[in-house]
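A.B. asks: Take a look at the letters that make up each chain.
Number of protein chains: 2
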Amino acid sequence: IMPCVLSAPLVVTLVGLPGRGKSFAAHRIARHLNWKGESARVFTVEEAATPDTLKEILAHFQSGNNVAIIDGMHLTQLSRQVIASFCSETASHHILVEITCDDVEVADNMERTLKFYEKTDKNIDWRHMIQEKVHRHLDDYEPCSALEAPLIVVSASSNPALHAVTARGIQGALQTMILGVLASPLIKEHVFYFTRHGESKFNMMGRIGGDSGLSERGAKYAERLAIACPAPKLIWTSELERTIATARAIPGPRTALKELNEINAGICEGLTYEEIQERFPQEFAWRDQDKLKYRYPHGESYLDLLQRVDNVVQGLITASEVLVVSHQAVLRCIMAYFMGTPPEDVPYINVPLHTLLVVRSRGYEFEVEPVPLKVECVDTYRVQPKNCQPGRTDADALQTVPAHFDALLPQVIN
Amino acid sequence: IMPCVLSAPLVVTLVGLPGRGKSFAAHRIARHLNWKGESARVFTVEEAATPDTLKEILAHFQSGNNVAIIDGMHLTQLSRQVIASFCSETASHHILVEITCDDVEVADNMERTLKFYEKTDKNIDWRHMIQEKVHRHLDDYEPCSALEAPLIVVSASSNPALHAVTARGIQGALQTMILGVLASPLIKEHVFYFTRHGESKFNMMGRIGGDSGLSERGAKYAERLAIACPAPKLIWTSELERTIATARAIPGPRTALKELNEINAGICEGLTYEEIQERFPQEFAWRDQDKLKYRYPHGESYLDLLQRVDNVVQGLITASEVLVVSHQAVLRCIMAYFMGTPPEDVPYINVPLHTLLVVRSRGYEFEVEPVPLKVECVDTYRVQPKNCQPGRTDADALQTVPAHFDALLPQVIN
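As they're listed, the protein sequences go chains A and B.
By UniProt numbering, the letter at position 292 of the first sequence is numbered 292, and the numbering carries on one by one without gaps.
By UniProt numbering, the letter at position 361 of the second sequence is numbered 361, and the numbering carries on one by one without gaps.
Calculated from the structure, these hints are not laboratory results.
Computed from a predicted model, the values in this text were never measured in an experiment.
Hints are not guaranteed to be accurate.
A pair holds if it fits inside one copy or across any two, identical chains being indistinguishable in the list.
[What the hints assert, rightly or not] In silico DSBU-like pairs for lysine-lysine, Cα to Cα no more than 35 angstroms straight-line:
1. Lys258 with Lys55
2. Lys36 with Lys386
3. Lys55 with Lys233
4. Lys386 with Lys291
5. Lys36 with Lys291
6. Lys291 with Lys258
7. Lys122 with Lys133
8. Lys374 with Lys220
9. Lys291 with Lys201
All chains should be built: construct the whole structure from the sequences, respecting the hints.
C.D. replies: What follows is the structure, encoded as structure tokens:
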């Protein structure tokens, strides 16, 4: 059976000696595809996929998922042929991803792996064990040929300008997306700083969107932020006053990016939730029913934002020590990449005001540490109300609107 | 000045001997990027970019466009260095795209070029002229190094499974997209057949969406289509009854693809325009104001469709002799790729019922030939009305609704 060019599921088989960064690449691919709304899973095997692995993959496809990534060595043609046969029997596509490294990169990977294992048991000579494992497998290694299956060869280099990928015979949107992920240097150690702007005048009044300046408390947050995050290598803000002001006191090169602007609320820009309920009750209910896909007339949806920040995330993963000062909805979409949040949950990720989010690599995972900087502010998190039907009462629609001021009262602020 | 990773414009310099398919690749890249909403232009030069070319590119960027593709040989390091210097002065990104071919591919390209030139003047010995040109330049050729600039090398092969790309040091969404375009085999001679389903029962009544069957006239169109398009290699329909029925009499392997389903009209599914105006007058006006971006609540927008058919277009350009039976909005989005239509005009492309659209390669362009199969049907093309303000009268809103039946009257149909 020929797999359908467009809709057949895809098996991605990793190939390479120990210490080449196969697991890192496998999980990087899965993270990206899942963030993009595909459903990928990594199947970890020791040397090569076994019949049990293939059974699990079949079940994975049969329950509606479309990508299986097999993270293992697959050094022999025979071990890859077993997977190729499975794919042709199940009308799936198959691509090989072979990872090779220059010597410096291999040594770096080795040190990183040792650091990890030595924490687990100090009495074992891990270095010897791993080197012995590499030597044991060197003789087995039959490099991939493009005649076996469509093939992507990654030549990882310690010099990002020399990181190379070669692709033969790949086609279609999914395979192309994987090629894109592997084409960027696979940087292993990141630290990023994310924060929303300090509390704005609109935040205090419960108004969404707009381009207002910081409240007094917001300005205080900006001061604290400059102490908590004193020396980022790069600062990216949105083009809006409240993010630019929040980053103003922090030294370093900065760019204001339209990709980081807050979600465009279209006809609802500048309104409070109470006003939206009054003027557009039906729109408000539709948004509550499907916050991911609902697009404000003349504005945007979360789905649009996920698309818009693709560029930002691709920029981040080839950089480090970047401070991103942006907005609630946009940061939800970016954090979803690092947290592995499925698209439908993105609109409800909690990204509170006046909190620095520090994101650090831990192997192929990311660790998110929220650091509240302890400056009082309003809460802007509105959970999905129980009643999302058009025609609901005002009370039902406004049930979860967080408290806010009606006007700026200096005595309340201080 | 360092170009901004995210927002700096991009210069793409083609490199290669005559007859390698540089122009084809340059225009393929431009077509894809423009379809995706970027603004790319090809600058054609003979041997290498001149100071005048660079002046034009600067003006192109200054008027808000973001990609310049220089289609020329650029065989010497010096000629590429001139462009690299321009890019670093103007804080633009620069990538090199070097095209190489195996011998069979070179010979194929040569025959295709000769066929073209021999039509213009039969008395010139074009073959000799071109071969002489290649020989003259062979000695100048200094292949690209990744140390000059981020580099994509295309090794075009007559065997699609061996078509290869190698990328070094590329990064960011735009460069990755270009890599994706070049990774698929660059097939030079296509013919595609596109058609909407035959007239449906809903079409006759002026209802949008739904999953109704063909009208009698629609069934007649299906018969004529089987004569006009007797032997496609592949048939792709949507999952809806009306496209499947339209293709039923045509022999050949077929797949029903969800990517080809009609735009989901959400809350307006199954309604007539009159009913939409009655129930959702404000939504109707917002859609008329911005038909590209307006998303039906619980449904889709044209922008969503452009995204959804990406997969289909990527499948088509590595195939040929495919018959695609789909729907008005979806075909508008696909035709936009072949016609080079900018996104904002896509919702108003005319794709009439009962008309076969034959698309053929002509060099790097595509020729669209509409073949009406002369079976009577309703018109479903609603042009943008003059008054798009919410609060307009029913008459203003319905001004351009095409005529339709109110119920299925057998005597009217026959």
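A.B. asks: Hints first: check each against the structure and report whether it holds.
C.D. replies: Structure-based check of all given hints:
no.: 1; hint: Lys258 with Lys55; in the structure: between (46 angstroms within a copy, 27 angstroms between copies)
no.: 2; hint: Lys36 with Lys386; in the structure: within (28 angstroms within a copy, 39 angstroms between copies)
no.: 3; hint: Lys55 with Lys233; in the structure: between (47 angstroms within a copy, 33 angstroms between copies)
no.: 4; hint: Lys386 with Lys291; in the structure: both (14 angstroms within a copy, 32 angstroms between copies)
no.: 5; hint: Lys36 with Lys291; in the structure: both (17 angstroms within a copy, 25 angstroms between copies)
no.: 6; hint: Lys291 with Lys258; in the structure: both (22 angstroms within a copy, 23 angstroms between copies)
no.: 7; hint: Lys122 with Lys133; in the structure: within (19 angstroms within a copy, 68 angstroms between copies)
no.: 8; hint: Lys374 with Lys220; in the structure: within (10 angstroms within a copy, 73 angstroms between copies)
no.: 9; hint: Lys291 with Lys201; in the structure: both (25 angstroms within a copy, 34 angstroms between copies)
Figure legend: structure checked against the earlier numbered hints; every hint is met.
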